[in-house]
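2 protein chains.
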Amino acid sequence: MQHIVIIGGGFAGINLAKSLANNKDFSVTLVDRNNYNFFPPLLYQVATSYLETSSICYPFRRFLRGKKNVTFRMGEFKQLKPTENKVVLSNGELSYDHVVFAVGAETNFFGMENVRQNALPMKTVNDALELRNYFLQRMEQATRTTDPVERDKLLTIVIAGGGPTGVEVSGVLAEMKKKVIPKDYPELSGKGFESHIYLVDGGPKLLAPMSEKSQVDTLNALTKMGVEVKLNSQVKDYKDDIVTFANGDTVATKTLVWAAGVTGSVFEGIPQESYGRGRRLIVDEHNLVSGFSNVYAIGDTCLQSTDKAFPNGHPQVAQVAIQQGKLLAKNFAASVTGKPQKAFRYNDKGTMAIIGWNKAVADIPKPKLHFKGFIAWLMWLFIHLISLINYRNKIRTLYNWTSAYFTRDQTLRMIVRPDGEPPVKG
Amino acid sequence: MQHIVIIGGGFAGINLAKSLANNKDFSVTLVDRNNYNFFPPLLYQVATSYLETSSICYPFRRFLRGKKNVTFRMGEFKQLKPTENKVVLSNGELSYDHVVFAVGAETNFFGMENVRQNALPMKTVNDALELRNYFLQRMEQATRTTDPVERDKLLTIVIAGGGPTGVEVSGVLAEMKKKVIPKDYPELSGKGFESHIYLVDGGPKLLAPMSEKSQVDTLNALTKMGVEVKLNSQVKDYKDDIVTFANGDTVATKTLVWAAGVTGSVFEGIPQESYGRGRRLIVDEHNLVSGFSNVYAIGDTCLQSTDKAFPNGHPQVAQVAIQQGKLLAKNFAASVTGKPQKAFRYNDKGTMAIIGWNKAVADIPKPKLHFKGFIAWLMWLFIHLISLINYRNKIRTLYNWTSAYFTRDQTLRMIVRPDGEPPVKG
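Same order as they appear, the protein sequences are chains A and B.
Using this note's numbering, the first residue of the first sequence is number 1343, and each one after it goes up by one.
Using this note's numbering, the first residue of the second sequence is number 1343, and each one after it goes up by one.
Just so you know, not all the hints are guaranteed correct.
No copy labels: a pair is met if it fits in one copy or bridges any two.
[Said to hold, decoys possible] Pairs of lysine to any residue, SDA-like flavour, derived with a Cα cap of 20 Å:
| id | residue 1 | residue 2 |
| --- | --- | --- |
| 1 | K1668 | S1729 |
| 2 | K1736 | F1748 |
| 3 | K1736 | A1746 |
| 4 | K1555 | G1408 |
| 5 | K1668 | L1740 |
| 6 | K1684 | L1727 |
| 7 | K1714 | R1407 |
| 8 | K1555 | I1584 |
| 9 | K1420 | D1582 |
| 10 | K1681 | Q1459 |
| 11 | K1420 | M1567 |
| 12 | K1736 | E1610 |
| 13 | K1428 | G1633 |
| 14 | K1360 | Y1527 |
| 15 | K1581 | W1743 |
| 16 | K1578 | E1418 |
| 17 | K1366 | V1659 |
| 18 | K1409 | P1528 |
| 19 | K1410 | K1525 |
Bear in mind the hints are in silico, worked out from the structure with no lab data behind them.
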């Protein structure tokens, strides 16, 4: 029996583990620093108080019940010792026959230390809760301050990054500004203030990988909703409540949400030459990391240029991770039975982004179709709902969405933090 | 128009604010250090992962919508300046015509510094989340450790305090030990270990204020479920993973849950002579604090000996707080219209505690009745459900309870903490 260690239980890792479950040729250890899997496409709804954490999270141990050859290990990757076939975790070591890196990507601050310290990223559940607490605290401060300049800064939000996360966050915030804020913060009415929601991107387009129709629809919809979109505007610095752009423009704000880019992680024990563009691990068509015979990488953390349609590597999206996880499991099984291994080919099922209530965009590659508005929104809801990891999450989320749809509101705006008094960042 | 400042939005404060809403003679500011009201009787279900936070919490601002004369202010009480009719908060000052203290009670460690540092209290939502994270982390550690002595300590839990909280927590944990742990932590099976759940109390009885029948039923039920009840066992110290009792007995454990007592808070600006037993503020029959003409206290934080049936003060329970909050609102209204004020009389509607699935005890004073088992359990569920603050909370909780009832399980065992890597206490 061969022992496979999977580092990371996101889309890639969990699909690999699931597909290897109850395969008698393998024992599997799934390692994650959290004890739960979560659904990143809905993080922005946790951050904006539209969903509770439990709607998008599921404990690994519960998920692995009945999968007798798969063990969960909570711990953080520290080092690979390839000559000993061992991984060192924050709390011990594991021996492996095969090790698979499936840790996803991390937020890229592009070396801007002030941005790293003062902006709010949106990659993890902790980030999303931090952001929720932060938004709500800023609103409370705005009700208390007597300084109008300070109030404007508290009520202005800059979201950097025109990808799906940036579009989704700015859309929700624009709707909350209209529907929720006047009702919940009556103290603010009558006090003159300037409250802006800026969505900024260094490039010339929103949702760059989508069709031009989707890009234009999104820009128009967001603008109509009151989001001020600034394209070709690269953030250069953020300190003393001032966001500075490459062209010298500035915006005064207490809140910079950072969804402007991701990068791969550095893994101690993997040599420099195994990393490619975006610090992703270079892998062959079977997801074997360059320079190794039993170290693999799948999902956002790898760079595979063997897929003819994607010579510069795949987009870092959920579908690639899921498909790579499933195929790697098949290839492991094939290696035991002596069957030939299959090369990975990405089957692109389409891309979508939600902008607001009844508003979304969707591109389907085969046949080439573009949807927008209510239909795209329904598609988005349906696909995200069925993608949730288990039945409980689906029910919970459906209930939350249904009631939010009818009330255009939610009741989750609690500043909750398990270790006492919330600190204030920035 | 008179300005009433209410410090604390628990059962007492929120009922006072609600009863004063839309009364044109008063403007009201409700101050709380959190931005949400919560339902303490169900905290233990949050701590044991049976309910999510959002089931028992509700944002004040949402609650106060449409109550035009009531404003919410997030902040912590720092000081009373009675000569200036001002309260100083952590983030500003408020002037008042009347100020009402409704802050509840806080955990009493009886001066034992080691217990304060190493034990886990159960009074706030943050406490409950801390406890949940802590339980789950201890289980993860138990699956990893190779030291059998360490494993026993990780899997043994001591709950101090035989009141409703202690009974409820130990009951849930005993059920989880039987139904959930073997399925979620298969690594532990086969490894010999001693796992104990101790419920300890310094007095001779569990649920001391309840009827003897209820006390005996509870003791029997818990014992049958595997809880080891140690009465007349006062905790004297807790350090280096050892709980030491007054009689010299010790238990080795990494987890001491502290539900053994409460105390009133100290309010800067209120003189020593206004405090009574348990550091509660001495009030007259109209809840006016002794020595003041416009400072009031209601709920757990006050001590009222003018109610004939309760010459030593009322029990510190929700019903007293609710009734005092409502009556004080009526008395404020009466003071304006010149009607006579009413003295507070507590109407005891009964006491109940839940022990486990299908098991609870309930005492009703008029007519004197005792219920146990399934009927008491249904009563408990029903009363707690209708007591939740709003419709959303009720639906959410009903759904959680129903699914938990049928599966005897929940899917909320996530270690979530908004500021990164969970620290380990103790």
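Checked hints:
Taking identical chains as interchangeable, the C-alpha atoms of K1668 and S1729 lie at most 20 Å apart only when both belong to the same chain, with a minimum of 15 Å there against 48 Å between chains. When the C-alpha separation of K1736 and F1748 is checked against a cutoff of 20 Å, the pair qualifies both within a copy, at 18 Å, and between copies, at 18 Å. Both within a single protomer and between protomers do K1736 and A1746 lie at most 20 Å apart by alpha-carbon distance, with minima of 15 Å and 16 Å respectively. Proximity of K1555 and G1408 under a CA criterion of 20 Å is satisfied in neither setting, with 46 Å inside one chain copy and 43 Å between copies.
Taking identical chains as interchangeable, the C-alpha atoms of K1668 and L1740 are never at most 20 Å apart, the minima being 27 Å within one chain and 37 Å between chains. Taking the shortest alpha-carbon separations for K1684 and L1727, neither the intra-copy value of 31 Å nor the inter-copy value of 55 Å comes in at or below 20 Å. In this assembly of identical chains, K1714 and R1407 lie within 20 Å of each other by CA distance neither inside one copy nor across copies; the values are 40 Å within and 35 Å between. For the identical chains of this complex, K1555 and I1584 are neighbours neither inside a copy (34 Å) nor across copies (67 Å), given an alpha-carbon limit of 20 Å.
With identical chains, the CA atoms of K1420 and D1582 are never at most 20 Å apart, being 35 Å at best within one copy and 29 Å at best between copies. For the homomeric pair K1681 and Q1459, neither the shortest alpha-carbon distance inside one copy (51 Å) nor that between copies (60 Å) is at most 20 Å. In this assembly of identical chains, K1420 and M1567 lie within 20 Å of each other by CA distance neither inside one copy nor across copies; the values are 45 Å within and 42 Å between. For a Cα distance limit of 20 Å, the shortest separation of K1736 from E1610 qualifies neither inside one copy, at 38 Å, nor across copies, at 50 Å.
For the identical chains of this complex, K1428 and G1633 are intra-copy neighbours only, at 17 Å inside a copy versus 71 Å across copies, given an alpha-carbon limit of 20 Å. For the homomeric pair K1360 and Y1527, the shortest alpha-carbon distance between copies (18 Å) is at most 20 Å, but the shortest distance inside one copy (47 Å) is not. Neither within a single protomer nor between protomers do K1581 and W1743 lie at most 20 Å apart by alpha-carbon distance, with minima of 37 Å and 47 Å respectively. Neither within a single protomer nor between protomers do K1578 and E1418 lie at most 20 Å apart by alpha-carbon distance, with minima of 32 Å and 38 Å respectively.
Taking CA atoms no more than 20 Å apart as the test, K1366 paired with V1659 passes in neither setting, with 31 Å inside one copy and 57 Å between copies. Only between protomers do K1409 and P1528 lie at most 20 Å apart by alpha-carbon distance; the minimum there is 11 Å, versus 53 Å within a single protomer. In this assembly of identical chains, the alpha carbons of K1410 and K1525 lie at most 20 Å apart only when taken from different copies (11 Å versus 52 Å within one copy).
Consistency with the previously given hints fails for numbers 4, 5, 6, 7, 8, 9, 10, 11, 12, 15, 16 and 17, ordered from lowest to highest.
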